[in-house]
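Visitor: Please construct the entire structure, taking both the sequences and the accompanying hints into account.
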Amino acid sequence: AQSVTQLDSQVPVFEEAPVELRCNYSSSVSVYLFWYVQYPNQGLQLLLKYLSGSTLVKGINGFEAEFNKSQTSFHLRKPSVHISDTAEYFCAVSEGGSYIPTFGRGTSLIVHP
Amino acid sequence: DAGVTQSPTHLIKTRGQQVTLRCSPKSGHDTVSWYQQALGQGPQFIFQYYEEEERQRGNFPDRFSGHQFPNYSSELNVNALLLGDSALYLCASSDRRQGNTEAFFGQGTRLTVV
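As you go down the protein sequences, you meet chains A and B in turn.
According to the numbering used here, the stretch in the first sequence is residues 1 to 113, in order.
According to the numbering used here, the stretch in the second sequence is residues 1 to 114, in order.
Some clues are possibly wrong.
[Claimed, not checked] Reference excerpt, derived from the structure (chain B facing chain A, CB under 10 Å, subset only):
(1) Tyr35
(2) Gly40
(3) Ala87
(4) Cys91
(5) Phe104
(6) Gln107
Quick caveat, the hints were computed from the structure, so don't treat them as lab data.
Every residue gets a Cβ at the ideal spot worked out from N, C-alpha and C, and that includes glycine.
Guide: Quick look at the structure:
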């Protein structure tokens, strides 16, 4: 069975600084990987996904993530954050052919002015 | 395109009561999944419906049941509510016929059990 570990529960950062949110997964088969963002009192919005092909994936709002199969990681990065990026970020994995992503516990990104 | 819509947005119930939550999938989607998100946690998979049948189920008791209608909309029912059932309930839809694994989420229903 797949699982996801988000290594940081909270990441504080100043506006315009770069940020990396870490995600590791475990699975015995090929996987699809996702990052979702959740703003307060809202549902989940897909930031980006990795299904196959290039290991560097670009998403919305300037975010990108890199799939590293040998390290079973899928870290999320942004070169310069804004106040509006303050939200909860969830990494998720689904095994190839599955339609059911398994989520990590989330990382709270807090951007300070 | 209205996306995934859920109703109601908020709900307060008393312990022991029963509740029904509703979900309309994104246009063209045929698969609906339900998740429970407790405060400070990631979403936990409850079950998934496709072609009006429950296809997969997570680690949730039988008090949690569901239904999918011919128009692909879905309901989540919870019986004998416990205080621990208080959570945000999220519905997600996807297009299994097209082999699309991306799940689109609704805004959720915030259930409070008192």
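Visitor: Which hint numbers does the structure go against, in order from smallest to largest?
Guide: Hint check: 3 fails alone, others pass.
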